[in-house]
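Enquirer: Sequence:
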Amino acid sequence: MNNPVTREPVLVAKGLRKTYTTGPQDVTVWQNIDITLQPGETLAIVGASGSGKTTLLNVLGGLDSLDAGQVLLAGQDLHALREPERTRVRNRKIGFVYQFHHLLPEFSALENVMLPQLLAGVPTAEAMRAAMGCLQQLGMLHRADHKPSELSGGERQRTAIARALVNKPALVLMDEPTGNLDQQTASQVEELMVQLVRQVETAFVLVTHDETLARRMNRCMRLRNQSLVEIV
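Numbering follows the UniProt record's numbering, with no gaps: position 131 of the sequence shown is 131.
Rather than coming from a laboratory, the hints here were simulated on the basis of the structure.
Hints may be right or wrong, so weigh each one.
Straight-line Cα separation of at most 27 angstroms, BS3-like style, residue types lysine-lysine; simulated pairs [unchecked claim]:
id	residue 1	residue 2
1	Lys-168	Lys-147
2	Lys-14	Lys-93
3	Lys-168	Lys-93
4	Lys-147	Lys-14
All chains should be built: construct the whole structure from the sequences, respecting the hints.
Expert: Written out as structure tokens, the structure is:
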């Protein structure tokens, strides 16, 4: 991928530290983590299981607390906000894609993708138009009326990606988005993701074990020995 033009950062994480208390001891997961991400830039984070990749992603998205440092999203200190305001910011400015799709089983693909818009107070007709546009972008419009149980694994994950993008967030966080898919389906979804990041100004942070996919991002960093280091 070509490197994006440098602008005001979407994400600035400074001096992050996370610890857990186990019995009488505090265990440091990682510390002194710094990340800066520009609009349209993509970052892959790789590392061994248990290194704290998912925890880091949750801290960047304001879903988990931190013990030191700041996470600035478009200049706003995410962890300084009260929970109701942080929830509002997450809904409007951050999209999440997980290893498991987390689609609501009683709703159709279209209804699932509409949800973030409806939670943001967007009128139903407008939310439907936005959701249909995202489904079309991901080749899922013909499956819009189908419930998750009627979709293949790849179709479910594409629906989940559409849901993450429908509010046009500044940042999308992806945690092993192809981890539950077979190799052929995973390759198809990965190619769609790579095409997508070329088309939108959204910044992406991707946690993955797939170093081939990681190398297709603008930047790649490895979480190891409690530190995050750039891979050249």
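Enquirer: For every hint, state whether the structure bears it out.
Expert: Hint by hint, here is what the structure shows:
1. Lys-168 x Lys-147: Cα-Cα ~23 angstroms, so holds.
2. Lys-14 x Lys-93: holds (19 angstroms)
3. Lys-168 x Lys-93: With Cα atoms ~7 angstroms apart, Lys-168 and Lys-93 stay inside 27 angstroms; holds.
4. Lys-147 x Lys-14: Violated. Lys-147 to Lys-14 sits at ~41 angstroms, over the 27 angstroms cutoff.
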